[in-house]
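Visitor: If you want the building blocks of each chain, they are given just below.
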Amino acid sequence: MTPSVQYHCPCLASAPVPPPPHLPSSSYSFHPLHTLFFCEECDAIRCNRCVSVEVSTYYCPNCLFEVPSASVRAEKNRCARNCFMCPNCRNTLTVVASDPPDTGDGRLTVPVSTVGEPPFYLYCNHCRWDSAEVGIVFEKPTGLAAQLQRYEDSAPDSLEFDRLKEHFEPFLRAASLPSSLSSSMAHPGSVVHPSSAAHSHHLHSSSITAAASAALARDIPGVGKYTPSLARSTSARAGRDRSVNKDEMAEYRSRLDITNASVVGGGGGDADVEFIKRVEKISSVASLEQRWGNSWATSLRTRDIRPQRIPLHSKRSKRCPVCTHILIKPEQKAQSVRYKIKLVAANYLPAITVALPHTFPTPETVKRGLGKPASASAANDRSNVALHPGESYSFHLALTNPLYDPIQVRLATPRVHATSSSSGTQEKARRPPFGVSIPTSTFTVAAFAEAWEYDEDEEMYWTDEEEFGGVGSNRGSRNKEGKSKAKAKSVGVLEKRANTTIVGGEVIIGKEARGRLKFIMLVQYTYRSDDPVPSESGEGGGADTKASTNKAPETKTFEFYTVIDLGEIIPTKLDGDPDG
Amino acid sequence: MDPPIYYSKAEFIETDTGNKVSRRATIAGPQNIILGGKTIIASGAIIRGDLRRSGPGHAVVISLGRYCLIGEGCIMRPPYKTYRGAFNYYPMKIGDHVHIGANSVVEAATIGNNVEIGKNCIIGKFTIIKDCAKIADNTIIPPNTVVPALALFAGSPGRFVEDLPESTQEIVEAYTKQYYTRFQPLDR
Ligand SMILES: [Zn+2]
Ligand SMILES: [Zn+2]
Ligand SMILES: [Zn+2]
Ligand SMILES: [Zn+2]
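Protein chains in written order, with the working numbering: chain A, 1 to 580; chain B, 581 to 768.
Excised from the complex, chain A in its bound form:
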C-alpha cells in the first residue's frame, strides 16, 4: 500500500487531541481530506460521522425517476415503475417478450427489445433467471409494479400488517392529539444558544427525535413512542390516558393462526423442517443474502423467492451538528453532480500528500523494464515498497494551499500516546519503535492562483534525472557518511513550485519495530483573515482559532491533526535477525 495522510475530525469531542494511531479504533477518527467538510461558522472540521443528514431527493437508481417524497411512503420506499431485482443474484431484471427475436447467426442472444408477443416476463441478464419460473407473466410490458401489486398485497405478512394497522386505528386517533401537543411544547426550548454548543445540540436532536417518533407513530401505532412526551402526557392528562390503556383495547385476532402460518412457507416451523428434510441440492435453499432484503419473512425455497422492486436511493443535505448551518446541499435533479452549497475541507485546509522517494521508479529502472516484452505498467511499478527495521528513510510531504493568500505553516509531531493516561503505563514500558524528524520551523506555501492549474504546465513535474538520483542514492545505505549527508539534505524545505511546498522528513526505524509506521502530525497554519476578530464564545468543538492581535493585516491561525502512514515495517531476512 502506498503511504497516506488522513485528517483528524474531533467529532465534537471536548479535547481535540486525536487517539493514538496504532489503535485499530482510531481509524474512525481519521479521514481522507476529500471526505471532510468545513463549517465556517464554527471554524471547525466536520466529517460524515458527525454531520446531521437530511434527504433532499429520492430517486430510483435504475430508471433514475425522481420520486416525490409524498409518494415514497405509499410506494414503500421502492420503485413503483418497471424496476425489479433478480431474486437470485440481485441484478436488475429486464422485461422481455415471449419470443426473443432470432438473430439468425445461431448465437445465443440477450433479449433487449421490448417489442414482441405477450406474455412478457422478467429476465436476468446475469444468471438467466426468468419470472416464468415462478409463474409471473405480464400482459403488457409497462406498469409492471402495478401489475405485480396483487402479489405484494396478497402476501400473508402484508395482509397481517394491514389488519394490525386497522386494529390500532382507534388508539392512533386517540393518541394523536396529546402527542402533537407535547411535541409542539418541546419546540420553544429548542432555540439554539450559541454559547452552549453541546446543550443546543441536545435540544435540537431531541426535537428532531420527537418529530421522527411522531412520524413513526403515524405509521406504526404504539411503536417508537418517544418516552418524554408520553411521560408528560400521563402527568398532565391522567384522565384521558385511561382510554389509551392497553388493557382496554380489544383483543387482536391474527389473520392466520401461527401454527398454520408455517404451511405458507415463511416464519419457520414444520413446513420448513419438511422442506429441509428433502433437500437434495444446496442451491434449492435460498441464501441469507437472497432473503434479507425482503420486507417480510420469505420462504426458504429458492424457487419461491419473488422479484423485489428496487429500493430507492436518496440525495442528502448535510448540516453542521453544532450550529446547524448547511454544509452540503445538492442540486435537486437526481443525476446532477453539482451542489448549491458545498463547504468541503479541501477548500480551507492545505492538502498534504506523502511519498517515499526511494520507492519511485527511476528512469534507469523503467528503461530497463521498457526494453523487456513485459507491459509498460510493469516497468513503472514501484519497487522496494517495504520498510525494514534498523533502517532510516527519507520521506516527502507536499503541502498544497487552496487559499488565495499565502499561508505560513508549522509542523510538529506530538507524542500522542504519552498524553493518553489510560494506557500510559503500558506505553512507558515500550520504547518508541521509530523516530521521526520533520522541519519544525515555519515555512510558506504560496497562494493558489487559477493560472497555476497544472492543466498545460508540464514543467511542474520531475523530468530531470538528477533529482531521482540524488534522493535515491541514500536508499538502504549503511554507509555512515552517506547517511549523515542524506540527513542534512533531506530534512527541511526541499522545493517550492506554484502553490505547493515540498518538505523532507526522515524516519529512523528501531530494530524491534513491527507493524504499520504511523505517526501523528500537528499542522498549524496562519492565513490573512478578512473577518473581524471573533469573540471566543463559539468553541467549535476542536479547532482552535487564535486571533493574533499584534500586527496588521489581520491573521488567523488554524490547527488540525493528521496521521501519516508510511507503510508496513517488514523484517528483513538479510539482516540475520536472531529472532526473525
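Hints were generated in silico from the structure; no laboratory data involved.
C-beta atoms are modelled at their ideal positions from N, C-alpha and C, and glycine is treated no differently.
It cannot be assumed that every hint is accurate.
Stated by the list, open to error - Distance windows between CB atoms, simulated: (1) A:Thr2 to B:Ser643: 48 to 54 Å; (2) B:Glu594 to A:Thr2: 36 to 42 Å; (3) B:Lys589 to A:Ser287: 50 to 56 Å; (4) A:Lys340 to B:Val640: 31 to 37 Å; (5) A:Ser441 to B:Asp582: 52 to 58 Å; (6) B:Asp582 to A:Arg303: 23 to 29 Å; (7) B:Asn668 to A:Gln149: 35 to 41 Å; (8) B:Asp582 to A:Ile570: 36 to 42 Å; (9) A:Lys340 to B:Glu753: 18 to 24 Å; (10) B:Lys589 to A:Lys496: 29 to 35 Å; (11) B:Gly665 to A:Gly293: 37 to 43 Å; (12) B:Ser643 to A:Val273: 33 to 39 Å; (13) B:Glu594 to A:Glu364: 35 to 41 Å; (14) B:His638 to A:Arg49: 51 to 57 Å.
As the list claims (entries may be wrong) - Calculated Cβ distances over 12 Å to all of chain B for the following chain A residues: (15) Ile276; (16) Ser299; (17) Thr359; (18) Val493; (19) Ile509.
Given chain A, put chain B with the ligands in place with the hints provided.
Guide: Chain B with the ligands only, in chain A's frame:
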C-alpha cells in the same frame, strides 16, 4: 507529488491535440473514432471503430472526451442488438476524465464525465454509467445496467456499494490531469 509514468517515446504517437496513442494498440476503423484530446490509448488496447451501423456515409462509432485513459489490453467494442429483426451496432459515447483500467472490456452505450473503471472489469452491452461513478476492479456489470451518478459499484454482478464523496468530481479531474502530465516519454 506522484512520480512520472514513463513510456517509450518510440512506441507512442502524439497527435496535435495531445492524444498519445500506442503503436501497439489496435485502432480499427480510425475514421469512426473521435479522441477529445490529451487522451491516452495504452499498448495492447483494442478499439473497434470498424463495428459501425450498417448504411452509407460516415458514422461516429466511439467517441472519447478529454483526459481519458484506455488502459493496457482494454477492449472497447460498441454495443449491438437486433431490433425489429435487424442486427445493428450502436455508438458508444464516453465523456471527459474517464479512466479505464487495464484488461477491461467495455461495451457500454454511455459513460459520463469523471468516471473511473477499474482493472479487469466487464462493462456489459448498453450499460449507462452516469457522471462521477466508479466501478471497482474485477467488477462484472451485466448488460443494460444503469449506474447512477456518484455511485460505487463492485462485484459480480456489479451492485451498488456506497455513495462517493461530494468532491469526487474535483478529485477525478485533478487525478486525470495529473496522470496525463506524469505520463512522460523516455528516449532510448
Ligand atoms: Zn466528525
Ligand atoms: Zn425505477
Ligand atoms: Zn440474476
Ligand atoms: Zn457549525
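Visitor: If a hint holds in the structure, say so; if it does not, say that too.
Guide: Each hint tested on the structure:
1. A:Thr2 to B:Ser643: 48 to 54 Å: violated (33 Å)
2. B:Glu594 to A:Thr2: 36 to 42 Å: Given about 29 Å between the Cβ atoms, the range is violated.
3. B:Lys589 to A:Ser287: 50 to 56 Å: holds (54 Å)
4. A:Lys340 to B:Val640: 31 to 37 Å: holds (35 Å)
5. A:Ser441 to B:Asp582: 52 to 58 Å: violated (27 Å)
6. B:Asp582 to A:Arg303: 23 to 29 Å: violated (53 Å)
7. B:Asn668 to A:Gln149: 35 to 41 Å: holds (36 Å)
8. B:Asp582 to A:Ile570: 36 to 42 Å: For Asp582 (chain B) and Ile570 (chain A) the Cβ distance comes to about 23 Å; the hint is violated.
9. A:Lys340 to B:Glu753: 18 to 24 Å: holds (20 Å)
10. B:Lys589 to A:Lys496: 29 to 35 Å: This hint holds: roughly 30 Å between Cβ atoms.
11. B:Gly665 to A:Gly293: 37 to 43 Å: holds (38 Å)
12. B:Ser643 to A:Val273: 33 to 39 Å: Cβ of Ser643 (chain B) to Cβ of Val273 (chain A): about 60 Å, so the range 33 to 39 Å is violated.
13. B:Glu594 to A:Glu364: 35 to 41 Å: violated (24 Å)
14. B:His638 to A:Arg49: 51 to 57 Å: holds (54 Å)
15. Ile276: For Ile276 (chain A), whose nearest Cβ neighbour in chain B is about 28 Å away, the distance exceeds 12 Å, so it holds.
16. Ser299: holds (23 Å)
17. Thr359: violated (9 Å)
18. Val493: Consistent with the label, Val493 (chain A) stays out of reach of chain B, its closest Cβ about 15 Å off (over 12 Å).
19. Ile509: The claim stands: Ile509 (chain A) keeps its Cβ more than 12 Å from every Cβ of chain B (closest is about 22 Å).
The earlier numbered hints that this structure contradicts are 1, 2, 5, 6, 8, 12, 13, 17.
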